[in-house]
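> Sequence:
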Amino acid sequence: MDRLLQKYVAALLGFGFTAVLLTLGLGSAILCLVTSGIAVGAVSLGHRRRIDRFTAEFMDERGTRRRREARTDQRLVHEHG
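Following numbering that gives the first Met the number 0, the residues of the sequence shown are numbered contiguously, the last one being 80.
One or more of the hints may lead you astray.
The calculated label-pair distances, taken between Cβ atoms and stated as ranges, are [as the list claims (entries may be wrong)]:
1. 58 / 24: 31 to 39 Å
2. 40 / 2: 14 to 22 Å
3. 65 / 17: 51 to 59 Å
4. 25 / 56: 42 to 50 Å
5. 57 / 24: 48 to 56 Å
6. 34 / 73: 30 to 38 Å
7. 17 / 53: 33 to 41 Å
8. 21 / 54: 41 to 49 Å
9. 23 / 56: 26 to 34 Å
It should be emphasised that the hints constitute simulated quantities derived from the structure, not laboratory data. Note that CB positions come from ideal geometry on N, CA and C, so glycine has one too.
With the hints as constraints, model all of the structure from the sequences given.
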């Protein structure tokens, strides 16, 4: 995450925590903070899994391409060797 975006998110969370604290009390503010932490963790986990799947597909395609190129190179060596 970009550093500037991290600062904005931290400021927004701090503002939200203070607003809930002043209007509903400490218990509700802590509950909101814990709930938002769980939500952030869930989104982060989903994002990581999507990136892991993309990376695995990319590496598999890359390996397939390399094996194909190696077979082509071997054929050329046998034909011209």
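> Now look at each hint and say whether the structure bears it out.
Status of each hint after checking the structure:
1. 58 / 24: 31 to 39 Å: Violated, at about 51 Å.
2. 40 / 2: 14 to 22 Å: Distance hint for residue 40, residue 2 holds at roughly 21 Å.
3. 65 / 17: 51 to 59 Å: Given about 55 Å between the Cβ atoms, the range holds.
4. 25 / 56: 42 to 50 Å: 47 Å, holds
5. 57 / 24: 48 to 56 Å: 49 Å, holds
6. 34 / 73: 30 to 38 Å: 59 Å, violated
7. 17 / 53: 33 to 41 Å: Taking Cβ atoms as reference, residue 17 and residue 53 lie about 38 Å apart, which means the hint holds.
8. 21 / 54: 41 to 49 Å: Holds, since residue 21 and residue 54 (Cβ atoms, about 45 Å apart) stay within the stated range.
9. 23 / 56: 26 to 34 Å: Because 46 Å falls outside the window, the suggested range is violated.
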